[in-house]
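So the sequence lines, in the order shown, correspond to chains A and B. When you line the first sequence up against the working numbering, it's residues 1 to 711, in that order. When you line the second sequence up against the working numbering, it's residues 1 to 711, in that order.
Do not take every clue at face value.
Copies of the same chain are indistinguishable here, so a pair counts whether it falls within one copy or spans any two.
Straight-line C-alpha distance at most 20 Å; calculated SDA-like pairs for lysine to any residue [stated by the list, open to error]:
| no. | residue 1 | residue 2 |
| --- | --- | --- |
| 1 | Lys340 | Gly402 |
| 2 | Lys152 | Ala175 |
| 3 | Lys340 | Ile292 |
| 4 | Lys466 | Gly287 |
| 5 | Lys340 | Ala17 |
| 6 | Lys152 | Gly43 |
No lab work stands behind these hints, which were simulated from the structure alone. Keep in mind the model is a prediction, meaning the values are calculated, not measured.
There are 2 protein chains.
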Amino acid sequence: MAHDQAAVREVLEAARAEGRTALTAPEGRRICQAYGISTPGEGVATSAEEAVSIAGEIGLPVVLKIVSPDILHKTEAGGVLVGLADLDAVRAGYDRILASASSYDPEASIDGVQVQAMVGAGHEVIIGAVTDPTFGKVVAFGLGGVLVEVLKDVTFRLAPLSGDDALGMLDDIRAAEVLRGVRGAEAADRGALSNMIERVGALVGDFPEIAEVDLNPVFATSEGATAADVRILLDDDPVAAPARLSREEILAGMNRIFKPRAVAVIGASGETGKIGNSVMRNLINGGYRGHIYPINPKAPEILGLPAYPGIADVPGEVDVAVFAIPAKFVPAALEEAGRKGVAGAIMIPSGFAETGNVEGQQEIVEIARKHGVRMLGPNIYGYYYTPENLCATFCTPYDVKGGVALTSQSGGIGMAILGFSRTTGMGVSAIVGVGNKADVDEDDLLTFFEQDDNTNCVAMHLEDLKDGRGFVEAARRMVARKPVIVLKAGRTAMGARAAGSHTGALAGDDKVYDDILRQAGVVRAPGLNDMLEYARALPLMPAPKGENVVIITGAGGSGVLLSDACVDNGLTLMEIPPDLDEAFRAYIPPFGAAGNPVDITGGEPPSTYENTIRLGLADPRVHALVIGYWHTIVTPPMVFAELVAQVVAEERAKGNDKPVVASLAGDTEVEQACDHLFANGVIAYPYTTEKPVAVLGAKYRWARAAGLLRG
Amino acid sequence: MAHDQAAVREVLEAARAEGRTALTAPEGRRICQAYGISTPGEGVATSAEEAVSIAGEIGLPVVLKIVSPDILHKTEAGGVLVGLADLDAVRAGYDRILASASSYDPEASIDGVQVQAMVGAGHEVIIGAVTDPTFGKVVAFGLGGVLVEVLKDVTFRLAPLSGDDALGMLDDIRAAEVLRGVRGAEAADRGALSNMIERVGALVGDFPEIAEVDLNPVFATSEGATAADVRILLDDDPVAAPARLSREEILAGMNRIFKPRAVAVIGASGETGKIGNSVMRNLINGGYRGHIYPINPKAPEILGLPAYPGIADVPGEVDVAVFAIPAKFVPAALEEAGRKGVAGAIMIPSGFAETGNVEGQQEIVEIARKHGVRMLGPNIYGYYYTPENLCATFCTPYDVKGGVALTSQSGGIGMAILGFSRTTGMGVSAIVGVGNKADVDEDDLLTFFEQDDNTNCVAMHLEDLKDGRGFVEAARRMVARKPVIVLKAGRTAMGARAAGSHTGALAGDDKVYDDILRQAGVVRAPGLNDMLEYARALPLMPAPKGENVVIITGAGGSGVLLSDACVDNGLTLMEIPPDLDEAFRAYIPPFGAAGNPVDITGGEPPSTYENTIRLGLADPRVHALVIGYWHTIVTPPMVFAELVAQVVAEERAKGNDKPVVASLAGDTEVEQACDHLFANGVIAYPYTTEKPVAVLGAKYRWARAAGLLRG
């Protein structure tokens, strides 16, 4: 795809020379031509006779449009006439447009009238690009017309993008079916459309000063696509891409922060109730085995450890300095820590940007940067890294080691993570507060966790991203190996965006986040509790090897609800092949139902659960099981739980390792049964048919993003 | 609205006489005229010259359409020509249509060619009616065209319906804004559209044999609406409306069933593990104070109570007979119970319709009906009614009395209800299994609970409705006073409906259920756990008196998530008036944020929570509070919980009784704090920002349906 960048540059420079940020239609068209984006035949006339002559060349009917740098809303100005079908109409139209425009704005400078071949057959779509504050250049695609503007059926991708990604956009709108041709309409030329999207992506990728592009409408027939109207807006001062450290630089810092040989606590205290006391006690009681250096100018020792007046006085090397002092003392102490050569400053203190003290925050960022110190926070509870028994927080130690790393932007959410983890016994590798994210952010943490063998899943609460593209890159690398779960808060607070284009008006913050996080392979959690449950369950489940989900249930009523939940979560209920159906039938009562759900009916003994579950686990065509249990006297909850745990373990030992989730309906004994199942790698919940399936759905979303289910 | 029923009857009888179930276009048009539904000027021509003459009368351009009872799909048959703009084209078109039609189906009987004024300006909508298997006649409204057929943006109501209900349908589609005129398009004439919907509703209400009506497209301009195409399908054997008992008859039976003076257990047993033993023990241990009569031909006494060989041998009157015997013995025992004059037969045994034994079920239905016995089940766990300490089930007694009555169609779901209730200490008035619903169904139970002062909320799990209209009527009566929560299982299993019309094709089962349950004022729960949580929380909350919701949070991070949840649940975040904003600001730190959420920030003492919460409760402009708590040393969880419970109680005593829900983020102590709050009428959940708001949203949905929030 050869692009004529020089031609684009010439147009942009001319506009800039005139101090314009909106290109005229002919300028837009020239840029489209330079990037191979097809537009209707046209020319600019400066007299009625010239208009007639152009119309004669490009063919009737034509559209006339005013060309003026001062008139942005051409229709309002009476500057557009459509469907002119003979040359007399063209002649009269030219004069009418000029008259309307000059009455609309007598001061407007008029460059002429654009004469354009009228296109209007086929599907009307919109293709555009905007500059998103988080993600930079993104392209947009949607169906044009009134309905889609009302229903906001549009999809976004990072620009530039591949042809395959562009093609994927065509299927990513709700009304995708329309483009394939319904009710006898012809299908759109998908190649031409995706090609045009790709070219728009390349254009804004090549020219950061192009702020917005609107090709609206684009008419797509079965034989091509033409952009009937082009609007391009410039930004004369485009935001530069944020500076980034290399992966090696990030890891050098993160490795010392998460696996420190020595931690200093600046503001360590012997006095209960002080943050500097809590941090000290947590480091000691948590079982951290590196050196702990309390820093306090007034105490010779704290909690039995020798204290130092300043970090400079510590005899050995220090990897991490935890700050537990008021904001006003931080700059001097950070300067000293920087000189000491610490890798990480854990900045617990509040009183920075979150209270309006932006300058104070900028000051410490600069001190940290000067010394090559990575800073976590400020305004955080600290961080946990359980493989090192490291609890550098003012909360309480956490001791259930496991594979999930959780991060939160808010302290309150961090406390919810801690409480939930503790009450469910969730196996955790790390809990990290990122707070104001003055330096270390999710991208740095993803880079560390991706290569951290103690972590096999990451869950992140975030309200914004400092560098959306950095996040996407880090997330993509991680997703290829381990799930990334994101709770994005502020979903419904649509950015009040000053929209200069249709595409801009459609680009609500959350829709852009949603599409791009999905494109990055991230599993987005709809709420806090979902994030926590996904985090708890995903690392315990093996990855599915295919899309065939089978429900086995002792209660028909649960089966219906579990089926609903499977559909809601994008799971595929396997069409059971006849031989497998027959095999299931052999185990269930004649009035039970095979098919899917497999309804083993209510009064069955443990052996019926065992036989059917073993069958599902052993048959290689089945890829995941959803079990619905019904509490009965014949198969009490703990009997069921122990049996299922055992069958799953036995089959796993034979290599039949599949995700198994269960919904337990029964009296309170089912709670203990769920605990037993969870502890044995079977994801089980009482009193809900939705949660186990939602968690399985999350695992599938990751597995698809990681490319594990192709072919 | 005068309707010419005689004219309709004449058309229908003519069709019936010819054995046709599809009306021709002219017949459809005649019916429309009789009901005041406007159609374009037209006539039927039986020669090309006649076509020309009609076209001359009604004006050009015209549309020509084949008229044949044998050709349903006119376009496919080449039987439609549009946009004929001169009389020569009409003449040629007539011949072309006849030729196409006879080559499409040489056997087709051709009545002529319809010549119709071409309408096409304005908004294209679809108005129709179908016969739903559950709800009978329902009307449908949607925007026409490709996009809506793809996006299924359509809404349903029971027919007949009022003009107001019809008007409401115009706002109930996702693309409602389109009809109000967007992008310079004119608004549709809402009166004309709602009027047409109302007339279609009246038509199918008056003529049960009209199975489906399709007005598609209808063109709506700012000055009226015209049905351009009419399709009407008949059902020569319409299903009769189900027979219904009067409210008094239902209550007579239900009162004896729920408040029995004597209960007989047919199949009572002294042997542990038998259902007849469990039922006996549960009646006795549950504390039921009426007479209990064990029926068993082989034992003189059971569990210390004198037993009787048959129910006929019982000396006193018996209100309820609980059946705990195999299906095959049921008919004879039921006959005996009927003769004894029991009011209710609690039919626990399985082995009826659910195992394919439809005849056996029909047999016992007839026995019950003959004796005027109301039968619950068969295939159920029984029923609880706590105000009478009545546990007529084979589960275990339930003793937390309260205001919620729960019913389930599935035994498994019933067990989940029991377990959840017990573990959360939910106050329950009744738990009822309806199983196969051979007789007693949700309508009967709603009729009882509506007038039962022990019940102030009903939650129902259902998979289908025997009599959708009966349910809607009973639910509407109840909703005016108490919330009705419904979990409808089988949401995603769209009925494979053989569609004879566009409207029929759009009428997926769940969309019809969803619209009509909403119209009935029912709060639909998206899942099992939601139903249970709504049931637990709704009776504890006072009804809100207005839409102004205020969030007060100690953690900004929770505030963002709580705001998301409010928007998701259709709640209105109050625009805080300046004086109230100032009053909040007086209590919070300068870097906190007033507005809504009110962010009191993290490190605040109990008094800040107290002052701001009291302010929200006392100000009459605030109607509900959502509190976000963040666990800190300064305000520990139980301090917060006790404080909030006390403030809420104090303000309640002053008449400031408002719904208060809370989300607690913190370490595990927050769980106990939530229990304390719940016990004191503050709906509180740990580790989730979604659940408390979802429950508040459910309360609001009910309050709106009950008409409590108008003006």
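**Report entry** Unmet hints by their number, sorted upward, for this structure
**Finding:** The structure conflicts with hints 1, 4, 5 and 6, although it agrees with all the remaining ones.
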